[in-house]
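**Student:** So the chains spell out like this:
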Amino acid sequence: MTLLKPAFGRALGWVTLAALVVLALFGLWGAPPDAVQGDAQRLMYLHVPAAWIAYLAFGITALASGLWLWPRTRSMVWDRVAGASAELGVLFTALTLVLGALWGRPVWGVWWAWDARLVTTAVLFFLYVGYLALRQVPTSPEARARRCAIAALIAFVDVPIVHFSVTWWRTLHQQATVFDPSLKANIHGVMAFTLWFGALAFTLLYVYLLDRRYRLAALEEGRDDRELDVAIAERVAGAGTPEARRPSGSVEAPAGVSR
Amino acid sequence: MNLFQEAALVAGKDLRIEARARVTLQQVLPFGLIVLLLFAFALDPDRGVLRRVAPGLFWVTVLLAALLAISRAYSVESENGAIDALRMSGLDPAGLFLGKAAAVAVELVVLEAVLTGGVVLFFDVGIGSLGPLVLASIAATVGVAATGTLYGVLAAGLRVRETLVPVLLLPVVSPVLLGATRAWEAAIDGAPSDAWPWIGLLSIFAVLYVAVGMLAFGPLLEEA
Amino acid sequence: MSDAGYVIAGWALTGAAVTAYWVRLVRRTRRAEATVGAPEEVRP
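Protein chains in written order, with my numbering: chain P, 1 to 259; chain L, 1 to 224; chain C, 1 to 44.
Just chain P, same shape as in the assembly (with noise of 0.2 Å):
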């Protein structure tokens, strides 16, 4: 019913919880600003994070998703990672690209810029998106399972050709912008450090969030479950006696119905 031992899911909150805090020590106060981009620089240590974050996430929803296609290794604990795991990763990609925009306005002057890495984070959220639309369907756990894996994988065999293709693309156009958010050659020290320790922080934050999505998810299956044996068993209670038969709108609706 969860990925981790509910003590363990406790702590790593707290520890979670501290690196994010101690995070922001290092990002707003800690670290120097930079000598090009000034204090803007800060948001860096958020952006570059969570995009680390975005692609992981991805990547965990499509070893998941092989995972459950694959006879032997089929469980519907894959499945649920995959999902919690995709709601992640349109949080952090949103996130990504919302503080990307931040970034850029005051260091480039524009909201946007169609670098391949941005460009290729916003494709993503649309894949993720459509996957997570298509979780929502209602259907049966097995049969949603199964379309989900397989959408999964048809998004994640892409991404490489939209990145490439992108990255391409972009060169091809070289315009005078310097636009380089790797910046990971151009700092050092403390700078890197909290960079560095950004990414740690998120990683720990994202298998936390992980866990506890994961449970939801068990819990709200299981009550799917447990509603539809109460059900069940009034019907047949009930199912002698004409008076006794309740009106069909009676039983809650499965916490799937939602378009």
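A couple of the hints might just be wrong.
To be verified - Now the stretches of chain P that chain L is said to cover, found in silico as 3 or more residues with beta-carbon under 8 Å:
1) 41–54
2) 133–141
3) 154–160
4) 164–171
The set of hints was computed from the structure by calculation and includes no laboratory data.
Quantities reported herein were computed from a predicted structural model and do not represent experimental measurements.
Just so you know, even glycine gets a beta-carbon here, dropped at the ideal spot from N, CA and C.
Given chain P, put chains L and C in place with the hints provided.
**Tutor:** Relative to chain P, chains L and C alone:
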């Protein structure tokens, strides 16, 4: 019957249905032409602008029309439980997939031919090198048809099929739009050597998604 | 808006988004735990 014979059988069936119903001809084709027209309204019909953006507009239009063609490919199956008949027919799902995708591809090629005429006439586009143009178009069309047929069957049994397929398909085929547009630009500008790398990309995409489709069509058909 | 404005906005937004998502998870989990509990007892 081998795989290709089965595919030809299914493709033939779909195309025969289309020949009788003429939906692609009477509805999807006009839709494509209308979209081109609307682009002219939306953008400055100053010939220079339209000519420059014509490849992009063309391929966006083809993609939108493809959504309709794919939707149509599966709506013919949902009537009278035809999809159950397909599932139980004993035909190899890979062959079924190839057949359906081929039919969609043929319809799209017909559409593209007419739209190309439209673009040449109304957007004042001159076709420089026809060879790369045609090759790029075929590779792109196969890729879109394969991916679309795959998502079509994935959503086949669902009531939300018609709104779901676009949101699933379009991000995935964005590299096709990219590549096809760049290849066309190169072909039109008379720099065909620039088109070949993009044709390569389009071909890889097409081969990949035909393969994925052949693998995934069976399991998805079971759920439909 | 000064540079600091963008930075604060970005960090605040990130904090708010993550916190809001976490709160949503906690709420939904509590609700699910509540409904799971009762029928468990009722069933023989």
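**Student:** Please go over all the hints and tell whether each is borne out by the structure.
**Tutor:** Hint check results:
1. 41–54: violated (count 0)
2. 133–141: holds (count 4)
3. 154–160: holds (count 4)
4. 164–171: The restraint on the segment 164–171 of chain P holds, since 5 of its residues have a Cβ under 8 Å from chain L and three suffice.
Checked against the numbered hints given earlier, the structure breaks only hint 1 and satisfies all the rest.
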